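Student: Sequence:
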Amino acid sequence: MACQNHNQFTCSLSQTCRRTSEQFHIQYGSGSSSGHIDRDTVCFNSPNSGYCTDANQGFACVTSEPGNTFTNAAFDGILGMAWDSIAQDHIAQPMDQIFERPECAQKLFAFYLSRDGTTINGGELTLCGIDESRYTVAFCCLNL
0 MACQNHNQFT CSLSQTCRRT SEQFHIQYGS GSSSGHIDRD TVCFNSPNSG
50 YCTDANQGFA CVTSEPGNTF TNAAFDGILG MAWDSIAQDH IAQPMDQIFE
100 RPECAQKLFA FYLSRDGTTI NGGELTLCGI DESRYTVAFC CLNL
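Note that numbering that gives the first Met the number 0 numbers the sequence shown so that position 87 is 86, with each residue one more than the last.
Calculated directly from the structure, the hints in this document are not laboratory data.
The reader is advised that the hints may include incorrect statements.
What follows is a set of in silico ranges between Cβ atoms, one per label pair, in the way DEER data are often shown [as the list claims (entries may be wrong)]:
(1) 140 - 34: 29 to 37 Å
(2) 12 - 143: 17 to 25 Å
(3) 101 - 77: 27 to 35 Å
(4) 68 - 136: 29 to 37 Å
(5) 84 - 113: 14 to 22 Å
None of these values were measured; they are calculated from a predicted model.
Where a beta carbon is used, it is the ideal one built from N, C-alpha and C, also for glycine.
All chains, please: the whole structure from these sequences, using the hints.
Tutor: Following this line, the structure appears as structure tokens:
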């Protein structure tokens, strides 16, 4: 049911995507999902931005979501950002590769979260720097 309400990734529409036989199952605090792992180039912003992984980046393609946890969610997917040592099925998160690219000025990321719950743009992720137009007071940086 949830898939009908969201944009979907189709591996066969990508020239570089490889379907694998790897399976996954993850339990969240509010539900669970399972499916298979695909491998492809993952880009943030656009393919020409430099914020892309190589074609071997693994990511989960959900084929089963019991219950209605994600049915009316205002997003189409979840970006895992765990350390490799604790990541689901030890799939490296894409920032590892992006931070090593020459286009990445700083090895950091920042989130902007809108306080307006009625807007279509609830927030954004900035990679390899900070968007100074998105804050007005000092903020803190945490080493992870």
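Student: Evaluate each hint against the coordinates.
Tutor: Hint-by-hint comparison with the structure:
1. 140 - 34: 29 to 37 Å: Holds, at about 35 Å.
2. 12 - 143: 17 to 25 Å: For residue 143 against residue 12, whose Cβ atoms are near 34 Å apart, the range 17 to 25 Å is violated.
3. 101 - 77: 27 to 35 Å: 28 Å Cβ-Cβ, so the 27 to 35 Å window holds.
4. 68 - 136: 29 to 37 Å: With Cβ atoms ~35 Å apart, the hint holds.
5. 84 - 113: 14 to 22 Å: Roughly 32 Å apart at Cβ, these two residues miss the hinted range, so it is violated.
Hints 2 and 5 from the earlier list are contradicted by this structure; the remaining hints agree with it.
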